[in-house]
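Asks: Mind docking chain B on chain A? Use the hints.
Taken in sequence, the protein lines are chains A and B.
The numbering of the first sequence is this note's numbering, which starts it at 1 and goes up by one.
The numbering of the second sequence is this note's numbering, which starts it at 1 and goes up by one.
No lab work stands behind these hints, which were simulated from the structure alone.
Where a beta carbon is used, it is the ideal one built from N, C-alpha and C, also for glycine.
One thing to keep in mind: the hints can contain errors.
[What the hints assert, rightly or not] Partner residues are not named here, just some residues of chain B that face chain A (Cβ under 8 angstroms, in silico):
id, residue
1, Asp21
2, Ser57
3, Leu61
4, Gly64
5, Arg86
6, Val88
[Unchecked claim] In silico lysine to any residue, SDA-like type, Cα no more than 25 angstroms apart, as pairs:
id, chain 1, residue 1, chain 2, residue 2
7, B, Lys26, A, Ser141
8, A, Lys138, B, Phe35
9, A, Lys138, B, Leu91
10, B, Lys26, A, Ala19
11, B, Lys2, A, Ser15
12, B, Lys70, A, Lys138
13, A, Lys138, B, Gln82
14, B, Lys67, A, Glu106
15, B, Lys26, A, Lys138
16, A, Lys138, A, Ala19
17, B, Lys26, A, Pro103
18, B, Lys26, A, Glu106
19, A, Lys138, B, Met89
20, B, Lys26, A, Thr100
21, A, Lys123, B, Lys26
22, B, Lys90, A, Ala102
23, A, Lys123, B, Arg87
24, B, Lys90, A, Ser141
25, B, Lys67, A, Phe99
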Amino acid sequence: MEILNEIKFKMPSLSVNEAAARAVVSSFLIQADPTVEELSDIRTAVSEAVTNAVVHGYRHKKGDIELTVRLLPEREVYIRIKDKGCGIADIEQAMEPLFTTAPEEERSGLGFSVMQSFMDRLKVKSAPEKGTTVTMRKRLSEHGV
Amino acid sequence: MKIDIKNENGTAVATLSGDLDHHNAKELRAELDRFIVTAQPRELAIDFGGITFMDSSGIGLIMGRSKLMKECGGRLEVINPQPYIRRVMKLAGIERIVKIR
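Next up, chain A with everything else stripped away, as it sits in the complex:
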């Protein structure tokens, strides 16, 4: 993978860091001059993935969440959100729209659906007690370039 630029950001699994993660992604991507809609899509997808790590991955213990943002050739944005939390036993089920294991927190079960529809590609790797890694890609339009 040819990487044009990259940023890594590590944060404890505090819900207040959902906003911090969005801010980091926005600041880093300014150099690629995304459209308002593209940036909004990416920020929303990142927010979903980080929230999943806070709410589900680290439900029973605190830990670190690692966010990596890369700029790849042909205006492709690569994002990886990694936690070392409880992991997901059944990824397919977790990705079903409206499936949630936290209804008491009013989680709508739409996190993965949002990531899927707002980004071009979504990959989820997870193992129980090992953690979850979400990688997403989105190609930015050529506007004004």
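Replies: Chain B alone, transformed into the frame defined by chain A:
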């Protein structure tokens, strides 16, 4: 995240401003529920005009308040969402449950 609630003769408007994510939703939910249960408005409109960001946490918030309003004999409405917030609502199919205008 800010919330301002006005209630006139059972018709209430809750105006929100700021980012609506999982972190902020908790407090907002508590405040809206307190109002719904004590004031029992017939109609509650949540004004999203000042919301600068929303992820699926906002969907959970709307669905939960809609349910509570129904249980209290009232109706919930969502007003003024920005286009990018409307996209999240559309993806969730929330217009089947709540009127958006």
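Asks: Each of the hints needs a verdict: does it hold here or not?
Replies: Here is what the structure says about each hint:
1. Asp21: Holds. Min distance 5 angstroms.
2. Ser57: With a closest approach of 7 angstroms, the serine 57/B hint holds.
3. Leu61: Leucine 61/B check passes; min Cβ-Cβ to chain A is 7 angstroms, inside 8 angstroms.
4. Gly64: Hint on glycine 64/B: holds, closest Cβ of chain A at ~5 angstroms, below 8 angstroms.
5. Arg86: 11 angstroms, violated
6. Val88: 7 angstroms, holds
7. Lys26/B - Ser141/A: 36 angstroms, violated
8. Lys138/A - Phe35/B: 41 angstroms, violated
9. Lys138/A - Leu91/B: Given pair lysine 138/A, leucine 91/B holds - Cα atoms ~18 angstroms apart, limit 25 angstroms.
10. Lys26/B - Ala19/A: Since the Cα atoms of lysine 26/B and alanine 19/A sit roughly 14 angstroms apart, the hinted pair holds (cutoff 25 angstroms).
11. Lys2/B - Ser15/A: OK: lysine 2/B and serine 15/A at ~18 angstroms, within 25 angstroms.
12. Lys70/B - Lys138/A: 40 angstroms, violated
13. Lys138/A - Gln82/B: 22 angstroms, holds
14. Lys67/B - Glu106/A: Roughly 12 angstroms separates the two Cα atoms, so the pair holds.
15. Lys26/B - Lys138/A: 30 angstroms, violated
16. Lys138/A - Ala19/A: 20 angstroms, holds
17. Lys26/B - Pro103/A: 13 angstroms, holds
18. Lys26/B - Glu106/A: Distance ~9 angstroms between lysine 26/B and glutamate 106/A Cα, so the pair holds.
19. Lys138/A - Met89/B: 21 angstroms, holds
20. Lys26/B - Thr100/A: Holds - the C-alpha atoms of threonine 100/A and lysine 26/B are around 17 angstroms apart, at most 25 angstroms.
21. Lys123/A - Lys26/B: Outside the cut-off at roughly 29 angstroms; violated.
22. Lys90/B - Ala102/A: 22 angstroms, holds
23. Lys123/A - Arg87/B: 22 angstroms, holds
24. Lys90/B - Ser141/A: The hint holds at about 23 angstroms.
25. Lys67/B - Phe99/A: 18 angstroms, holds
In this structure, the hints that do not hold are numbers 5, 7, 8, 12, 15 and 21, in rising order.
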